[in-house]
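Based on the hints, put chain H in the right spot on chain F.
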Amino acid sequence: MSTKNQQKHGREKGSVLLEMRDVYIEGYSDDKWHPIINGVDVTLHRGEIMGMIGESGAGKSTLGLAAMGFARPGCKIKSGSIMFDGMDLMAISETERRALHGSRIAYVAQSAAAAFNPAHQLMNQTIESALSHGIMPKTEAEEDAKKLFAALQLPDPDNIGYRYPHQVSGGQLQRAMTAMAMSSRPDLIIFDEPTTALDVTTQVEVLAAMRDIVDQFHTAAIYITHDLAVVAQMADKIKVLRYGNTIEDADTRTMLKEPKEDYTKTLWAVRSLYKEEQANEDVVLRIHDVDASYGGGVKVLEDVTIQVPRGRTVAIVGESGSGKSTTARVITGLLPPMSGEVYFNGQPLPPALKDRSKEQLQRIQMIYQMADTAMNPRHTVRDIIGRPLEFYLGLRGAALDNKIVELLELIELDESFIDRLPGELSGGQKQRICIARALAAEPDVIICDEVTSALDQIVQEGILKLLLRLQEELNITYLFITHDIATVEAISDEIVVMFQGGVVEQGPKTKILNAPFPPYTELLLSSVPQMDPDWLDNLLAARAKKGDVMKASG
Amino acid sequence: MSTETDQGYSAAGEVGAVRARRTMSENIWRGLKKAPPTAWFGMIVISLYLFFAIFAGILAPYGEEEVLGAAYLPSWFDADKDFPWDPRFLLGTDQLGRDMLTRLIYGARNTIGIAVATTALSFGIGGTLGVLVTIQRGWFDQLMSRFVDVLMAIPGLIFALMLLSIFGSTVTNLIIIIAVLDATRVFRLSRAVAMNVVVMDYVEAAKLRGEGLFWIMRKEIIPNIMPPLVAEFGLRFCFVFLTISALSFLGVGIQPPTADWGSMVRENATLITYGSATPLFPAGAIALLTVAVNFVVDWFLHKTSGLRDEH
Chain F
1 MSTKNQQKHG
11 REKGSVLLEM
21 RDVYIEGYSD
31 DKWHPIINGV
41 DVTLHRGEIM
51 GMIGESGAGK
61 STLGLAAMGF
71 ARPGCKIKSG
81 SIMFDGMDLM
91 AISETERRAL
101 HGSRIAYVAQ
111 SAAAAFNPAH
121 QLMNQTIESA
131 LSHGIMPKTE
141 AEEDAKKLFA
151 ALQLPDPDNI
161 GYRYPHQVSG
171 GQLQRAMTAM
181 AMSSRPDLII
191 FDEPTTALDV
201 TTQVEVLAAM
211 RDIVDQFHTA
221 AIYITHDLAV
231 VAQMADKIKV
241 LRYGNTIEDA
251 DTRTMLKEPK
261 EDYTKTLWAV
271 RSLYKEEQAN
281 EDVVLRIHDV
291 DASYGGGVKV
301 LEDVTIQVPR
311 GRTVAIVGES
321 GSGKSTTARV
331 ITGLLPPMSG
341 EVYFNGQPLP
351 PALKDRSKEQ
361 LQRIQMIYQM
371 ADTAMNPRHT
381 VRDIIGRPLE
391 FYLGLRGAAL
401 DNKIVELLEL
411 IELDESFIDR
421 LPGELSGGQK
431 QRICIARALA
441 AEPDVIICDE
451 VTSALDQIVQ
461 EGILKLLLRL
471 QEELNITYLF
481 ITHDIATVEA
491 ISDEIVVMFQ
501 GGVVEQGPKT
511 KILNAPFPPY
521 TELLLSSVPQ
531 MDPDWLDNLL
541 AARAKKGDVM
551 KASG
Chain H
1 MSTETDQGYS
11 AAGEVGAVRA
21 RRTMSENIWR
31 GLKKAPPTAW
41 FGMIVISLYL
51 FFAIFAGILA
61 PYGEEEVLGA
71 AYLPSWFDAD
81 KDFPWDPRFL
91 LGTDQLGRDM
101 LTRLIYGARN
111 TIGIAVATTA
121 LSFGIGGTLG
131 VLVTIQRGWF
141 DQLMSRFVDV
151 LMAIPGLIFA
161 LMLLSIFGST
171 VTNLIIIIAV
181 LDATRVFRLS
191 RAVAMNVVVM
201 DYVEAAKLRG
211 EGLFWIMRKE
221 IIPNIMPPLV
231 AEFGLRFCFV
241 FLTISALSFL
251 GVGIQPPTAD
261 WGSMVRENAT
271 LITYGSATPL
281 FPAGAIALLT
291 VAVNFVVDWF
301 LHKTSGLRDE
311 H
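Here the protein sequences come in this chain order: F and H.
Mapping to our numbering: the first sequence position 482 is 482, numbers consecutive.
Mapping to our numbering: the second sequence position 111 is 111, numbers consecutive.
So here's chain F without its partners, still in its complex pose (with noise of 0.2 Å):
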C-alpha cells in the first residue's frame, strides 16, 4: 500500500508478524469432535492486510478467532503452532494471552450494536482496553480517542464520544468499534464481518476510513467476510476457504484477474444473473398514495404509489429506514395504513389483516429473509408445507402428502426431507422450504423481504435462479425488498427506488440502471461495491471532486 510517513511506534513494515502453521481446529457437537480447519496456514506481514473469504462453515470466523490464540466454548485448537511477533500463541499461559489480546490483538466483530454496552457512552469503552492495559492514562486515552474518531470522519468528533450507543447510527458505531481496537495501538486487529449489517451507502464512508486508519498505524488486518466484492477493496492478499482447507492463496489483483482454482472460478461468476426485462400492462397490485405510520406518530411512508404488473418481479431498493419492510407490511395488512389503498386485481382490499378474507390472504403470500425465524423450530418439513395446503386446498391424508412431496421437487429438493426439522437443514435449504411454503398457497403475488440477503453468494444464486425459473412456470409475481444492487439487475423487470419513506422513482430496469439518475439513486448506485480493487479509490476521488452530492445518514 501505500508508504506515508507517519508515526509507526518503531514498526517496521513488512516483517513477519503472525504465522499460524499446520493448524487444526476441532468442534464438538453429536457426542463428537468434527474438524472445522484442517492444517490451514497462515503468514501476515506488518502492515498488511488479508482478506479471507468463503461460504458460511468454512471455518473463517474459527481461524479468525485462532490467530488470536483463541478458540470458541465446544471448539479446540488441535494441533499446529501459531506465532505472534515471536510468541507461541499456543504455550504461553491464558494470562499472558489475555494481556495481548486488547492490546496487541483486538477484535472487530460484525454487529457493534451487540458489541457495545448500552449502558455506558462511547469514550468509557473506546478507551477501556488502553487504560485496563495501562498502556496510557485516561486523558491522554480520552485524547486520543478524540483523534481516532477524527481519523474515522465520525461527526463532532470532540463530542460524539459522550454519546450512549443507541444515540448514533450503525455506521456510526462500527466506526467508532474499530476505534475501540485501535485505541490501544495494536499491532493485528480481526475484522470479522465488520460491514456485512450495513447498508451500502454507510459501508462505503465505514471500508474508508477503517482502510486509511489501518494504512496510517501500519497495523496489519485480517478480513473476514463473503463479500467478494468488499475484499477487493481491502485487501492486498486473499485466501480462499472452503471446509476448513485452504482452496487457494493469492495477492488481490491476481486473484481476481486470474483464479487458479474451479472453486475461486465460481465464486467470481456468482454476479452474472441476469434476467430480460419484460414489461406488462396487466397490473395485478397497486399501491395508491399510501401514507403509514407506527402508532400514529412519525409517517414512516409517505405518498407511496407503485403499481406491480402480472408475472413481472419489481424491485424495491433503498437503504434501511427508507420504508421498504413497511411497505411489506402495509400491503399484507399487518399495518394498516393511515390513508390511501392497496388494490388487488382491481378490487380494494380492507385495509386490515383480520377483515381480508381467507381467498384474499392466499392470494399473497409472503417469504422473510430470516429463513431461521420464519419457520418454526418444532415444526417438521411437512407441517410447514402441509399446513397452507390442509389450511386453504382442503388437502388430506395421501393427496396431502403427494402434494407436499410434489411442492419439494418443484424447489430441488427431494422426499427424505419431509420429516426433517428446520434446524437440520442448511441455510438454503431453509429458505426453498419457505418458497415451498408460499407456494403451497398457490399465490398471485409473493413478497420477498430480503430473501437472499442473509445467504452466502454461491447460495443466493441458487435460490434466484429458482425464484426465476418459479415465475417462468407459474406465472407468479414478485414484489423483492432489497438493498443488494446485484440482485435487483439479476432478477428484476421493474424497479422502485424509495428513501425516507417516499418512493424516488419507478420505472423498468434499463431505464432506473441508467443515467441520467436522481442524486439518490445514483449516491446509491455507486456505493455498490464492485470487483475491481481500484473502484474505492476512485469512488472517493469522484466524490471529493463533487464535493458529495448528498451525504448518506452515515
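Derived by calculation from the structure, the hints in this document are not laboratory data.
The reader is advised that the hints may include incorrect statements.
Partial chain F-side listing against chain H, Cβ under 7 Å, derived [stated by the list, open to error]:
#	residue
1	Tyr263
2	Lys265
3	Thr332
4	Lys358
5	Met366
6	Thr373
7	Ala374
8	Asn376
9	Leu470
10	Leu474
For glycine and all other residues, C-beta sits at the position ideal for the given N, C-alpha and C.
Same frame as chain F, now just chain H:
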C-alpha cells in the same frame, strides 16, 4: 451473528451434511444416559413415591382410618426398655392410635394427588391466559396483567387462609383456590417467555395465513415455550405441596381423618418436645420428595438451557 452462521449452516447450501435424525425414544434414552447421578437419584425417589401412592391399598398394612392400639406408641427408632416397641407398628402410632406407616403411605396418595391436580390446574389457567394475552395484546393484556398484579400483591398464604375460611376447607376448594393463586405466577412466566416467541416471523406467517388464535397458541407458541414451563412445573409442584402442608398444619388444609403429611406433622408436633422422632417421618417424606423433584428439575433446566459445557 457469524457464530451462528458458521456453525448452524452446513456449507455449500444443498450438499451439506445434516445432523442425523433420531426417533423420540432414542432421544429420550440418550438423554437419560447422560443424566447426572443427582437426577437419577431424583427419578428413583419419585418413582418410589408414585409406586407407594398408586398401590397404597395393597402396600399399607392396615386401613387408613383404623384405630388399632394405644395412642403415641413409639417407633422402633425411639423405643427403649421403659417404653417398648410394638412390632405390629414399625413407625409407632399417632394421637388416636392409628398406624403411622399406614397413614404415611396413604398420605402419599392424597398429598401428591392433590398437589398434581393443583399444579396442573394452575398451569392450565395461567399458561393459557399468559399465551393468549401475548397474541392478543392491547386492552385484554392490560386487564389480565393488572388483575394478576392485584392478586399477587396480597400475601399468598394469608389470602389462601382467608378464602378457605370463606368457602370452607373441602379438597375441591383447596385445589381451586391454590391453583388460582398459583396461576398468577405461571401467567407471568408464560407471558414473558411467549412474548419472545410471538414476535418471531413464523408466528407472523401464521397470522398472515389467517390462522385462528387457538391454533397459533397450540401449534406455534406452546411447543416453543415448553422447556421453561416444564421446569417451572416441577418447582411449582414443590411450592404447592409446601402450601398444602402449611395449610394442613394450620388446620384449613386437608381435613381429618384423611391422611396427609402436613396434618400428620401438626397432629404429632407435640411429641417433638419429648424427643420423639415420630413427626419427623412425614416431615422427612415432604423434604425428600421436594429435594428429588428439584434434582430432576435442575437437570432438565440445564439440559434445555442450551448451555454447552466447556471442553
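Evaluation of the provided hints:
{"no.": "1", "hint": "Tyr263", "in the structure": "10 Å, violated"}
{"no.": "2", "hint": "Lys265", "in the structure": "15 Å, violated"}
{"no.": "3", "hint": "Thr332", "in the structure": "6 Å, holds"}
{"no.": "4", "hint": "Lys358", "in the structure": "5 Å, holds"}
{"no.": "5", "hint": "Met366", "in the structure": "6 Å, holds"}
{"no.": "6", "hint": "Thr373", "in the structure": "5 Å, holds"}
{"no.": "7", "hint": "Ala374", "in the structure": "4 Å, holds"}
{"no.": "8", "hint": "Asn376", "in the structure": "5 Å, holds"}
{"no.": "9", "hint": "Leu470", "in the structure": "16 Å, violated"}
{"no.": "10", "hint": "Leu474", "in the structure": "19 Å, violated"}
Against the hints set out earlier in the document, violations occur for numbers 1, 2, 9, 10.
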